[in-house]
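Following the hints, put chain B in place on chain A, whose structure we already have.
There are 2 protein chains.
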Amino acid sequence: MKAPFLLWGIAHVTLNAIKTVAFVSLTSTSNYSNRKCSATHVSFVATCVSLSGTAAAAPAGPAFCERCGAPMISRIPSGDERARYCCTDPECGFVSYQNPKVVVGAVCTWEGRVLLCRRAIEPRRGRWGFPQGFLELGETTRAGAARETAEEAGADFDPAGATLLAVYNLSGAQVQMVYAAELTSGEIKAGVESLEVGFFAWEKIPWEDLAFPTVGWALEYARDFGAGSAVQQRTKYVDGNGEWRVEDG
Amino acid sequence: MKAPFLLWGIAHVTLNAIKTVAFVSLTSTSNYSNRKCSATHVSFVATCVSLSGTAAAAPAGPAFCERCGAPMISRIPSGDERARYCCTDPECGFVSYQNPKVVVGAVCTWEGRVLLCRRAIEPRRGRWGFPQGFLELGETTRAGAARETAEEAGADFDPAGATLLAVYNLSGAQVQMVYAAELTSGEIKAGVESLEVGFFAWEKIPWEDLAFPTVGWALEYARDFGAGSAVQQRTKYVDGNGEWRVEDG
Numbered sequence: 001m002k003a004p005f006l007l008w009g010i011a012h013v014t015l016n017a018i019k020t021v022a023f024v025s026l027t028s029t030s031n032y033s034n035r036k037c038s039a040t041h042v043s044f045v046a047t048c049v050s051l052s053g054t055a056a057a058a059p060a061g062p063a064f065c066e067r068c069g070a071p072m073i074s075r076i077p078s079g080d081e082r083a084r085y086c087c088t089d090p091e092c093g094f095v096s097y098q099n100p101k102v103v104v105g106a107v108c109t110w111e112g113r114v115l116l117c118r119r120a121i122e123p124r125r126g127r128w129g130f131p132q133g134f135l136e137l138g139e140t141t142r143a144g145a146a147r148e149t150a151e152e153a154g155a156d157f158d159p160a161g162a163t164l165l166a167v168y169n170l171s172g173a174q175v176q177m178v179y180a181a182e183l184t185s186g187e188i189k190a191g192v193e194s195l196e197v198g199f200f201a202w203e204k205i206p207w208e209d210l211a212f213p214t215v216g217w218a219l220e221y222a223r224d225f226g227a228g229s230a231v232q233q234r235t236k237y238v239d240g241n242g243e244w245r246v247e248d249g
Numbered sequence: 001m002k003a004p005f006l007l008w009g010i011a012h013v014t015l016n017a018i019k020t021v022a023f024v025s026l027t028s029t030s031n032y033s034n035r036k037c038s039a040t041h042v043s044f045v046a047t048c049v050s051l052s053g054t055a056a057a058a059p060a061g062p063a064f065c066e067r068c069g070a071p072m073i074s075r076i077p078s079g080d081e082r083a084r085y086c087c088t089d090p091e092c093g094f095v096s097y098q099n100p101k102v103v104v105g106a107v108c109t110w111e112g113r114v115l116l117c118r119r120a121i122e123p124r125r126g127r128w129g130f131p132q133g134f135l136e137l138g139e140t141t142r143a144g145a146a147r148e149t150a151e152e153a154g155a156d157f158d159p160a161g162a163t164l165l166a167v168y169n170l171s172g173a174q175v176q177m178v179y180a181a182e183l184t185s186g187e188i189k190a191g192v193e194s195l196e197v198g199f200f201a202w203e204k205i206p207w208e209d210l211a212f213p214t215v216g217w218a219l220e221y222a223r224d225f226g227a228g229s230a231v232q233q234r235t236k237y238v239d240g241n242g243e244w245r246v247e248d249g
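Respectively, the protein sequence lines represent chains A and B. Quick note on full-length UniProt numbering: the first sequence kicks off at 1 and runs consecutively. Quick note on full-length UniProt numbering: the second sequence kicks off at 1 and runs consecutively.
Just chain A, with the same shape it has in the complex (with noise of 0.2 Å):
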């Protein structure tokens, strides 16, 4: 922070008093971007969608330089081809470069039926679902899905045996990675997101009730392809009249 302290002080403040509107909006969802995918993701992309009315839409960027304080700008960096947020004091140039971020879930199966979830939290509260979400840093995809599981629904399987079933891009914002496992028991146990947890046969899903369109399409494909066929690849998207789209591409 090179600023004069005064001239930096207004700024500060007057930047924040900018952003504040910005943020009121973005709050509910910005707290939440990288909690339990299975709570928030729906909500969270419609939110960015809405924001923009693009496919392509993004969380606001950061308003401060998260490494020396300063405000932040949208501009194209040098050498680059698209906007960024950049740092607008010049000697410490920050870029805050924002990216997708991945889910993993497991369609995980004990002697022939599925584990599914009912959502102890919002959105789709009382609706069912396979346990994901946000993958962290320091673990592995497959090893990701395993520790959801662990915490959703108190169930194990082995990361190594775990196959890919799908991989649904979800509107430019998120890449669901969703593997299909075979758990090692059939003890379960509602985590603290999962108001019951239970094994259904195929014909016993609840498929009306199911919390996400994501939760059937890998349901339905680890149902009629199963483990070890090639991956589901969906997008899902909002078009120009911000209507839902799904495309294979």
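Because the hints were derived from the structure by calculation, they are not lab data. We treat Cβ as the ideally placed atom computed from N, Cα and C, and that holds for glycine. Be aware that a few hints might be false.
[Unchecked claim] Reference excerpt, derived from the structure (chain A facing chain B, CB under 8 Å, subset only):
{"no.": "1", "residue": "CYS68"}
{"no.": "2", "residue": "GLY69"}
{"no.": "3", "residue": "ASN99"}
{"no.": "4", "residue": "VAL167"}
{"no.": "5", "residue": "GLN174"}
{"no.": "6", "residue": "VAL175"}
This is chain B only, laid out in the frame that chain A set:
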């Protein structure tokens, strides 16, 4: 930013001075954390690892709140299980989630030969790889792989026809998704990050002169199994002795 102005300023400057020590060693990678994967991913991951000495290493977190500019600290937020970077201003309360990033690339073929690019940038300048880079907001994984191919080799393929070939987890910091794709023509042209581009018969691939191990893995897998087979899943990490290891899990 609710702290009294003078106190805030003093705290800000003091923290800035303290943080400078930590940032010096990170500067060369922080700025590049989302630049071309092909240019920096090895040094980026290696730096993360060398800083913490574990396979679960992560970039240093933000020193200042991107929303309000207040200092950040690492603590476990209420309702969470792991430490996050949290704003010290209780009225802001912003939590900054750090996550692995997605790298997309493609093993592209044209009339049975493979497209490779010789790197014009460090690290591994002069060595060979296929087009790849960080996934951007607003694009799908397949579209991102196609964009990188156009940028680095002036070559085109239809994203909808690309097949997922491999998923590589790199040290808990990066998820690489490599596609297999047939180009729509044999026209290629070196981009600014390529010294030259060319098509190689499988037996003519410069195996000893590839830029990164992941390049070799994907090429061998494409050669031996081709698109449409099961997705290869590998993890590259640093063990407790600082040695790179590879496991399939």
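Exercise. Which of the numbered hints above does this structure break?
Worked result: As far as the earlier hints go, only 5 is violated by this structure.
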